[in-house]
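Novice: Construct all of the structure, not just a fragment, from the sequences and the given hints.
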Amino acid sequence: MGGLQGRRVVLGVSGGIAAYKAVEVCRRLIDAGAYVMPVMTEGATRFLGPPTLSALASEPVRTSLWESPEPIPHTRLGQSADVVIVAPATARVIGCYANGISDDLLTATLLATRAPVIVCPAMHTEMWEQPAVQLNLDLLRARGVTVVDPGVGRLAGGDVGTGRMAEPADIVDAVANALGPQDLDGLTVLVTAGGTREPIDPVRFVGNRSSGKQGHALAAEASARGANVVLVTTANRPVPGDVETVLVETAADMEEAVLSRAASADVVLMAAAVADFRPKAAASEKIKKADGVPEIVLEPTTDILAELGRRRRSGQTLVGFAAETGDVREYASSKLRAKGLDLVVANDVSAPDAGFEHDTNRVLVLGPDGFEIEGSLMDKRAVARLVLDAVIDRRRSEGEQAK
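To get the numbering used here, take the position in the sequence shown, counting from 1, and add 30.
Source of the hints: derived by calculation from the structure; they are not laboratory data.
If a hint is listed, it holds; no wrong ones were tucked in.
With beta-carbon atoms standing in for the labels, derived distance ranges:
no.: 1; residue 1: PRO232; residue 2: GLY36; range: 50 to 60 Å
no.: 2; residue 1: SER84; residue 2: TYR361; range: 52 to 62 Å
no.: 3; residue 1: GLU337; residue 2: ARG359; range: 17 to 27 Å
no.: 4; residue 1: ASP189; residue 2: PRO161; range: 18 to 28 Å
no.: 5; residue 1: ILE403; residue 2: SER84; range: 36 to 46 Å
no.: 6; residue 1: ALA162; residue 2: THR105; range: 25 to 35 Å
Every residue gets a Cβ at the ideal spot worked out from N, C-alpha and C, and that includes glycine.
Specialist: See the structure below:
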């Protein structure tokens, strides 16, 4: 997560049971190369011992406005931070911050910074749904604060509901997003993700192993870099709140959703694994084993990528994806030429820890005129950064050639 290397992060921890997760947030930030400055409220120290964070972070925990080596610790922290996180953020801290109330070191630091701020609420469901809390969060969002909404799960006291703090990995992703480049600002990016399902009957389908993880990582990264993102996906996976998501199932669904939106897109990333064939006729009722082995006749689906190439407008960047099991470079180069792509992203899905369903991938990115990037094995969000870096590079090169 190169965007965090050397960045100064104030990690605020307030008094909730989710304070224990701040340890993992801190560790992940340090592993990513960030310089972490921890601040704990008095309430937080009742759930988590300051020596724990002090041992993991880049400098000792601060808990007070009055017992610090600096005379004005909140301004030092606020002014030096590249980003401020509050994880967990209690209803009290959210309310103080939203209403400009400074009653401890953490809230004073929040009011003294001009850096991006990320709050990660954690509280019981009844508190989370309280209109006053939601109004305070709306005020913060309107002022540009990033709110990483809580999930649904087990809460303190054995209750289950909404209010469980987001997972540390998602929080660190939000930090990286806040610090990432805004080099797609103003552009519309259309992303496809997941594998289509072509029905045989109401129960069975012809499909593939695509999980949608890479396409969703591309959508999240494009959003973090300032793009207006439309994600057409078969996978019901989490996405950032500002991504427009269109859920589809079949190749025909995806064809309609993509082709009706492509004209307004500046960049199209066709990461979905769209079926090449579908049953010519799907049974209206479940096919019974007692009726014998059915004969399933297949017919080709529309080549959406080829159709996008035919319809492509001037200035649009078209990126195809090639999931192969051998001769990756040869097949990718052939796809690049045959479909007139700006870039093709290829990978060997039979390789260990790469391709479908894995959290990691290893890709080869090819473009015209010998353009090539060969990535190492990396997580799919890092692959998304590599691909979008290549998109930006190609668009800049084409812009310079047009001058």
